[in-house]
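Colleague: Here is how the chains run, residue by residue.
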Amino acid sequence: MENHLKFLRAEKGWSQSDLAERLDVSRQTVNSLERGKYDPSLPLAFKIARVFARSIEEIFVEEQENEK
Amino acid sequence: MSERIKTASRRYRLELGGAISLYAVVLFGAKFLANGAEEGAFLTLLAVAPVAPIILACAAFFRYFGSLDERERRLSADAAALSLVIGIFAALTLGFLKSFGVFYFEWDMLWFGPFLIALWGIVRCVLIAKR
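So the sequences go chain by chain: A and B. Quick note on numbering: our numbering labels position 19 of the first sequence as 59, and the sequence is numbered without any gaps. Quick note on numbering: our numbering labels position 104 of the second sequence as 833, and the sequence is numbered without any gaps.
Simulated from the structure, these hints should not be mistaken for lab results. Wrong hints could be hidden among the right ones.
Below are the SDA-like pairs computed for lysine to any residue, each with C-alpha atoms no more than 25 angstroms apart in a straight line [stated by the list, open to error]: (1) B:Lys859 - A:Gly76; (2) B:Lys859 - B:Ala819; (3) A:Lys77 - B:Arg733; (4) A:Lys52 - A:Leu63; (5) B:Lys859 - A:Met41; (6) A:Lys87 - B:Thr736.
Construct the entire structure; sequences and hints are all you get.
Modeller: What follows is the structure, given as structure tokens:
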């Protein structure tokens, strides 16, 4: 799932390690999240939203399904 | 990496290292004491004694597994499931080859556990590279 994590992190001037510390995850997980390779669980998504003081919808971009 | 995960990782290395060291001591001790021992309860006890430190190693692993973040836990669990399937296929294949008289695989069953663990490590690396 595409997201604006990298941009939001850069806004705050945080490294991936800084964000990992705040989210209580590994740096590799932050990397996977930013690259869209891993979709967070709901609790983690809420945690991310809280850390950036944004809503989940502002951070994560829902993939549009192809219309039939 | 969060400080909590770093601490858990450090504790895991210590606990696992301790369990493996204890395993080596118990194994060699049991082998030494078993020399010349007669069949019976004592020999049986010596034979299964090395299993106890392995249980400690497993406990250390499960404690560490619980401290991983959700992505790491999922990767480890997926790798374990895939390794189990591959291990079962390997055992079945070798078993059929043996029963049909094509190939005789006479390795000690002791090595099946380390084989699965090594397989899990390899599969985990492959999954990390792919995801």
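Colleague: Under the constraints set out in the numbered hints, which ones does this structure not fulfil?
Modeller: none
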